[in-house]
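Using the sequences and the hints, build the whole thing.
Protein chains in written order, with the UniProt record's numbering: chain W, 1 to 430; chain S, 1 to 430; chain R, 1 to 430; chain C, 1 to 430.
It cannot be assumed that every hint is accurate.
[Stated by the list, open to error] Label pairs and their in silico Cβ distance ranges: (1) Gly340(S) x Lys9(W): 47 to 57 Å; (2) Ser429(W) x Leu383(R): 18 to 28 Å; (3) Arg425(W) x Asp140(R): 31 to 41 Å; (4) Gln203(S) x Glu120(R): 51 to 61 Å; (5) Leu24(W) x Asp265(S): 25 to 35 Å; (6) Ser211(R) x Leu24(W): 49 to 59 Å; (7) His108(W) x Asp83(R): 22 to 32 Å; (8) Glu7(W) x Asp145(S): 39 to 49 Å; (9) Tyr258(R) x Ser429(C): 56 to 66 Å; (10) Pro415(C) x Ser82(R): 12 to 22 Å; (11) Ser261(R) x Ala255(C): 18 to 28 Å; (12) Ser211(R) x Glu111(C): 50 to 60 Å.
[To be verified] With a straight-line Cα cutoff of 25 Å, these simulated PhoX-like cross-link-like pairs (lysine-lysine) come out: (13) Lys9(S) x Lys379(R); (14) Lys9(R) x Lys71(S); (15) Lys209(W) x Lys28(W); (16) Lys317(W) x Lys9(S); (17) Lys205(S) x Lys89(S); (18) Lys317(R) x Lys379(W); (19) Lys379(S) x Lys317(R); (20) Lys28(W) x Lys317(S); (21) Lys317(R) x Lys28(C); (22) Lys317(C) x Lys9(R).
[Said to hold, decoys possible] One-sided excerpt, in silico: chain R residues whose CB lies under 10 Å from chain S: (23) His6; (24) Ser18; (25) Asp191; (26) Asp193; (27) Arg194; (28) Ile195; (29) Arg197.
Derived from the structure by calculation, the hints contain no laboratory data. Given the structure is predicted, the values throughout are model-derived calculations rather than measurements. Heads up, the beta-carbon is just placed ideally off N, CA and C, and yes, glycines get one too.
As a plain string of letters, each chain reads:
4 protein chains.
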Amino acid sequence: MLSRLHEEKVFKDPVHHSIYVQDLTVWKLINTPEFQRLRRIRQLGTSYLTFHGAEHSRFSHSLGVYEITRKVISQFERNGYSDWPQEEKLLSLCASLLHDVGHGPFSHSIEQIFGTDHEEWTCEVVLGDTEINRVLREIDDRFPDKVAAVIRKKYEKPIVVSLVSSQLDADRMDYLLRDAYFTGVNYGTFDLDRILRVLRPFQGKIVVKDSGMHAVEDYLMSRYQMYWQVYFHPVTRSSEILLRQIFRRASELLASGYAFSFMLDPIRALLSGSVTLAQYMRLDEAMVQTAFGEWAGERDELLADLCRRFLNRRLYKFAPLTGEDRGWLEDVRGEWRRIGLDPSYHMEVDKPEDSPYDVYKPGVLPDSKEKPPILLLDKREELTEISAASDIIRSIAGLHRGNDYIYYPEERVLPHAHLLSSETRARLSI
Amino acid sequence: MLSRLHEEKVFKDPVHHSIYVQDLTVWKLINTPEFQRLRRIRQLGTSYLTFHGAEHSRFSHSLGVYEITRKVISQFERNGYSDWPQEEKLLSLCASLLHDVGHGPFSHSIEQIFGTDHEEWTCEVVLGDTEINRVLREIDDRFPDKVAAVIRKKYEKPIVVSLVSSQLDADRMDYLLRDAYFTGVNYGTFDLDRILRVLRPFQGKIVVKDSGMHAVEDYLMSRYQMYWQVYFHPVTRSSEILLRQIFRRASELLASGYAFSFMLDPIRALLSGSVTLAQYMRLDEAMVQTAFGEWAGERDELLADLCRRFLNRRLYKFAPLTGEDRGWLEDVRGEWRRIGLDPSYHMEVDKPEDSPYDVYKPGVLPDSKEKPPILLLDKREELTEISAASDIIRSIAGLHRGNDYIYYPEERVLPHAHLLSSETRARLSI
Amino acid sequence: MLSRLHEEKVFKDPVHHSIYVQDLTVWKLINTPEFQRLRRIRQLGTSYLTFHGAEHSRFSHSLGVYEITRKVISQFERNGYSDWPQEEKLLSLCASLLHDVGHGPFSHSIEQIFGTDHEEWTCEVVLGDTEINRVLREIDDRFPDKVAAVIRKKYEKPIVVSLVSSQLDADRMDYLLRDAYFTGVNYGTFDLDRILRVLRPFQGKIVVKDSGMHAVEDYLMSRYQMYWQVYFHPVTRSSEILLRQIFRRASELLASGYAFSFMLDPIRALLSGSVTLAQYMRLDEAMVQTAFGEWAGERDELLADLCRRFLNRRLYKFAPLTGEDRGWLEDVRGEWRRIGLDPSYHMEVDKPEDSPYDVYKPGVLPDSKEKPPILLLDKREELTEISAASDIIRSIAGLHRGNDYIYYPEERVLPHAHLLSSETRARLSI
Amino acid sequence: MLSRLHEEKVFKDPVHHSIYVQDLTVWKLINTPEFQRLRRIRQLGTSYLTFHGAEHSRFSHSLGVYEITRKVISQFERNGYSDWPQEEKLLSLCASLLHDVGHGPFSHSIEQIFGTDHEEWTCEVVLGDTEINRVLREIDDRFPDKVAAVIRKKYEKPIVVSLVSSQLDADRMDYLLRDAYFTGVNYGTFDLDRILRVLRPFQGKIVVKDSGMHAVEDYLMSRYQMYWQVYFHPVTRSSEILLRQIFRRASELLASGYAFSFMLDPIRALLSGSVTLAQYMRLDEAMVQTAFGEWAGERDELLADLCRRFLNRRLYKFAPLTGEDRGWLEDVRGEWRRIGLDPSYHMEVDKPEDSPYDVYKPGVLPDSKEKPPILLLDKREELTEISAASDIIRSIAGLHRGNDYIYYPEERVLPHAHLLSSETRARLSI
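Shown next, in the form of structure tokens:
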């Protein structure tokens, strides 16, 4: 099924040093317009406004996920493990490479506003009228369906799903290392080579040889630190709030018949909730930023202000909230209106604990969308869920952290500080 | 003149670990729209199409240049060198930070096509109706002129110019390290700390303590390798050719009265050679890529094809040329026309030796725009030009390398290979 | 009190890049025979038999501790914190540099066998008839007493003690980074620069600005991993067992009047428990290894075998024990005798949980020798013990891990395996 | 011929991350006393007195050379190159692992004084009455001869010799990277992975695919910098001079019938030029340092002083010499005697240009012991000597650098400075 390239292709990669492409199908997939489009979508959304190095794209992440998968399979093949279905190599590589191809510009924010789902879009790209689909069908007519099944975690051989999507999958391993590298933080580094060496195919799952427990502990502690130091950084949350507000305002305006001085087809479709696959494939962060640049001159002052803020990085200020602040939040809405601010835009409360992220989840309910737990394999071929064996994983598995924060435009509040209640001034440290 | 921030600001940076801002003016400059715009302009232009990690922006490079300058001055101050004019610290920091603020999208390509000059644009940004100008004028009315004088290398104290612009300046030191980090190549690393420790202000120049000669050798060897491994990589040259052809074609179409289905004001101004400062400040790579995305559907098939090629990375193929190929180039133009290709677009010859780059130039003619040579300072306070002291620098100073290449659209030539002369087929290895 | 060197001395260091010596006293101390002797004592004892890179000496570690202390004080001075007693700089630097100067060869093993205490030896070196004492007395006659008081944690200004010896001191920070670097493991890396930036002198203590909590979490997680991956590695424990047995056997032989074919004065004194300072200063790991090399040919076959094992790395095998194995241990002693082995030498049980190590201890009893806890300083100048603020530190503070192990000479047991009980064979996986 | 280990053994290594042992013979060789002895011999001799991190042993280097060879062969096997004789894998691995096993303590100094040759000792270890010989003979009786033939560069298949010993061999690649890592300098890093990828077996030689020329350039520039920054550092030369003088003095004393208060058998044999293999295998740096420690108290004041200097790092001072200083050297001998110094010990002239080191030698005379040049392989299967293709390699191939230096005991000269000629004072900067 695999058709080897005459000469192996090598991508220089800062994280994995080199990325090797040996198969013609993988090479063709990388060169499709749909995959190249990932160059114009940042891996970490607005995080570059917090960590200026975080300008890397989903293109490089996708190559990295592919490379880790390739290395895992290569280890399985070298050792000749009988539990690994060798005929599924190409499927695994393709699913790894393509797993993020349905991401749109600033995906997480857009998904929250418009209810889209990048996993579903990925399947549409794989199954729809695209170059990617055509390349996959060269293998066989059912191949796109198989790739989509892996993406949807429904593929008949669960070991392939486990490889591409688990709590210790190629996706997570690549993004922790890559995001740490590009942001420049120390936290995300763990011993990838060691982990790759202790993965084993076993009875339809990818499990970890028990001697590798410490490397997995290190990986999960990295996750823990990256969540709180990078992914949930309040400055990043602040920029995401602006982004969501821009989309929300633009949708409202479009719905109300407002005449935009600048509009492009795919954006109009996005705002009105009716994007076609072809339109979605034209959407990228360049287009979104260009629209924001033009809207910065719109007559609607709210939209224009939000766009200028986003492009020029004049983010909302934030202050931590505690449980007891909930009552006060109602009061402050009134104060906001009194000083001429719109509480539905100029005051936002963000609760990271609502977030679906967990460093690690030991158990999963049947039929849930949760990813399966990490299992240790001992010499007697018995499996143990890792948090039963590791004190430290048990300790951090359930930890949640993170204050709620209130976000607001500081420079519009400050001039009216004397009109605010003393409680408000205290809570905002004004 | 310096007004210290109440609390030092720290940027996390992958190259320098941390970047420290202690001065209010610097902080304000970073937060201007004109400086934030550098986030939307890549440091290495189209190199990300060769090295996928090279997605870093001029924003992060500019911060890095500022940081190196800050460290150099801090070393001078700690050691109390009398040849360093302490009152010029803020000017040096501002000029370092702002030296690239006049770069436009894909600068080098645009400068070649439209004859613009980013240094002149930098001075316009500093002197014109901008936020940056307003922040600088808070220091004093003549401060913007001083910054512009440093940028133009005309400032009355040459030591400030030497710090910001020489053959061993903060600009070059940052970009070598940064470009190596983000591309993932090994070549650009040298011992920055060691070099920072041996720089000395001396009689109006920045010179190098002679014990640091080896570190400078290492730095110049890094430059040598980076030029030929990264900056002049033929794949990058190929993508720049596409870019220049797109701009050339769009200009031709605009001049001929062609009705574009999509056009934005700043781009129209650029194409017609009449950009205002305000328009230039709106130009960024997001806008250029968005235009290309729309033009990919233009009726003009040549423009549309070039844009699709650029966005989807279907670059021109290349083959090396030797001196004797010059005669053949004329013949191949005829062959190209015979198989329906336009030699003015579908065949480009690129000569890296035309490039102004030198790893190091020992001497400069008076009044030239060349940067002054690197001087070693010995214990008797005598200066020696470094290539007189270092065999290896003398060896590489004059080295030029690099083939000429012919670039062409391979997949449009291949079907007609049988119509080509055997010489052409041999030279292109078809 | 500080007398600056005419020219700063720089040591190249793989961990800190450069180590700067600016003060004449520090420079003289480094050049004493007692300090140079640390080059012949490994930082990690027998760990090089587990991790072959771990051949670094206490010399390089001591320089590293000095350098971190220098950086911390330099940060305090730059920021002009009034809680830092500037006059104590030299004392702090000297105490940091010298804190390990009383270590002997393979210290931990020797301390366990002979009941010596490297801290007391350090004070003897500082106060006794040594070059180090002479250099210190050049400052003033009471200066050696001050240094010894800091080493003993009794100095009148507790902030100096806190700097040199706490749960987040220069010693621990250097050894984690250095041991990780030389062993080649990933686990010991944390963001030293960040921690150095958030340390504050405050009311007689060194505390941590609360914004630095995450960096401290990372540091403590590194400690956790290093303990279990490196410091308590069972192979290292196995080599330490051999070492202790060699010393125990040689002492027994000496006490019994055995005529050694090779003996050196300082070793004889060590074995008989009556070492003078001058003898202790001659002891180093070269001498100990040379003695072992000669003893490898002794007539006493037990001693000879142990020495050959140590030098040729034929270590004892190990098997984990659980609580229920305690009864069995008695039985196995009988079996050992039956097959001709000496249970007091050929069978050793090692219990890491007896070890005094804790990743972090939140509280200390008054008058204990425990190091004080890590305190966070918030904006209102209030202090919080860090485990009260950090879930993850609270989680790992009390964690103990590590099996007990039984160690034994495998190749002497295997030929008699058929004479062992089935329980013993099962427990030893024979 | 290869007998696979039941389970692959992995050594953690700071340079290569992991070192993999898959073959039983290699595993047994590592565990012989002769190979374990390399743990007690430093890779860089006295360089640890210049770069305190350089305490790594020949043990870790030998493992590294083995690992690089293993990777090269693995690449050849993966690609199925027919020019690689697959049956020579084990021989190549054993020769790589063992190539340094004949090194003695402080080898280079001892070889200069006593005319020994570590290559010949290596062959004696391989062929003589040793554990290593016994392990090799388990393969077949002629196997030790084959290993020795490879070491002596006489093996019938030159490609095996080329792999183990050339100007781009596993030995050089490992030591550049390893010495750079442990000294902490920047200079020795090059892209090992890239080089490993472009090596090809071709007509009895290991050659380089021409696309890898730049990586080889980088490697040779690293060599160039390491020679002059690390290997020929004048402080290291100074410590080697002391070492040679100690051995010279001790030999003189032994020859003259002097009664040493401390002597060990292998050292006596070394000093008298009649070491047996068994004695040589007992010699290590621990023993040499122990002897020096004891001799520091000898009655012969010259020997005692030299030993104290070496152990306490009170090295000779040095001053550069130029060609014109040769006449003066005669005069200074007289001055030395006048102030009570012995010019044959207290004044040494060191000429690095006598050294056999070259960064790269393009051509070799037939039958010379020189290593063959590096050859580039192009697509037409033609070979080019690399300096013919690379300007920069041609430039540095012949470069020699390095002053001659005079070394002397400064503190014994200074008190008599007024008795010296003004020329001598000037040349020594006294």
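Going down the list of hints, with the structure as the test:
Judged by the Cβ atoms, the range 47 to 57 Å given for Gly340(S) and Lys9(W) is violated: they are separated by roughly 30 Å. Checked against the hint of 18 to 28 Å, the C-beta distance between Ser429(W) and Leu383(R) comes to roughly 20 Å, which is consistent with it. The hint said 31 to 41 Å for the Cβ distance between Arg425(W) and Asp140(R), and at roughly 55 Å that hint is violated. At roughly 57 Å, the beta-carbon separation of Gln203(S) and Glu120(R) lies within the given 51 to 61 Å, and the hint holds.
For the pair Leu24(W) and Asp265(S), the beta carbons lie near 45 Å from each other, so the given range of 25 to 35 Å is not met. At roughly 52 Å, the beta-carbon separation of Ser211(R) and Leu24(W) lies within the given 49 to 59 Å, and the hint holds. For the hinted restraint 22 to 32 Å between His108(W) and Asp83(R), the CB-CB distance of approximately 44 Å leaves it violated. Between Glu7(W) and Asp145(S), the C-beta spacing of about 57 Å breaks the proposed range 39 to 49 Å.
A hinted range of 56 to 66 Å holds for the C-beta pair Tyr258(R) and Ser429(C), which are about 58 Å apart. In this structure, Pro415(C) and Ser82(R) break the distance hint of 12 to 22 Å, their C-beta atoms being roughly 48 Å apart. For the pair Ser261(R) and Ala255(C), the beta carbons lie near 27 Å from each other, so the given range of 18 to 28 Å is met. Checked against the hint of 50 to 60 Å, the pair Ser211(R) and Glu111(C) passes, with Cβ atoms roughly 58 Å apart.
Pair hint Lys9(S) plus Lys379(R) holds up; C-alpha atoms about 16 Å apart against a cutoff of 25 Å. Only pairs whose Cα atoms come within 25 Å are accepted, and Lys9(R) paired with Lys71(S) is accepted, the gap being roughly 20 Å. Between Lys209(W) and Lys28(W) the alpha-carbon distance is near 35 Å, which puts this suggested pair outside the 25 Å criterion. This hinted pair checks out: Lys317(W) and Lys9(S) have alpha carbons roughly 16 Å apart, not beyond 25 Å.
The suggested pairing of Lys205(S) with Lys89(S) holds, with an alpha-carbon distance near 15 Å, which does not exceed 25 Å. With a C-alpha separation of about 18 Å, the suggested pair Lys317(R) and Lys379(W) falls inside the 25 Å cut-off, and the hint holds. At most 25 Å may separate the alpha-carbon atoms for a hinted pair to count; Lys379(S) and Lys317(R) exceed this at roughly 61 Å. A distance of roughly 17 Å separates the Cα atoms of Lys28(W) and Lys317(S); the hinted pair therefore holds under the 25 Å criterion.
With a C-alpha separation of about 17 Å, the suggested pair Lys317(R) and Lys28(C) falls inside the 25 Å cut-off, and the hint holds. With a C-alpha separation of about 16 Å, the suggested pairing of Lys317(C) with Lys9(R) holds against the 25 Å cut-off. Here the hint on His6(R) is broken, as its CB sits about 12 Å from the closest CB of chain S, past 10 Å. Below 10 Å, beta-carbon pairs count as interface contacts, and Ser18(R) has one with chain S at about 6 Å; its hint therefore holds.
Hint on Asp191(R) holds. Least Cβ distance to chain S is approximately 9 Å, under the 10 Å limit. Taking 10 Å as the C-beta cut-off, the interface hint given for Asp193(R) holds, the closest approach to chain S being about 6 Å. With 10 Å as the threshold, the beta carbon of Arg194(R) comes within range of chain S, its nearest partner Cβ sitting at about 8 Å, so the hint holds. Of the supplied interface hints, the one on Ile195(R) is violated, with its beta-carbon coming no nearer than about 12 Å to a beta-carbon of chain S, more than 10 Å.
The beta carbon of Arg197(R) comes within 8 Å of a beta carbon in chain S, closer than 10 Å, and the hint placing it at the interface holds.
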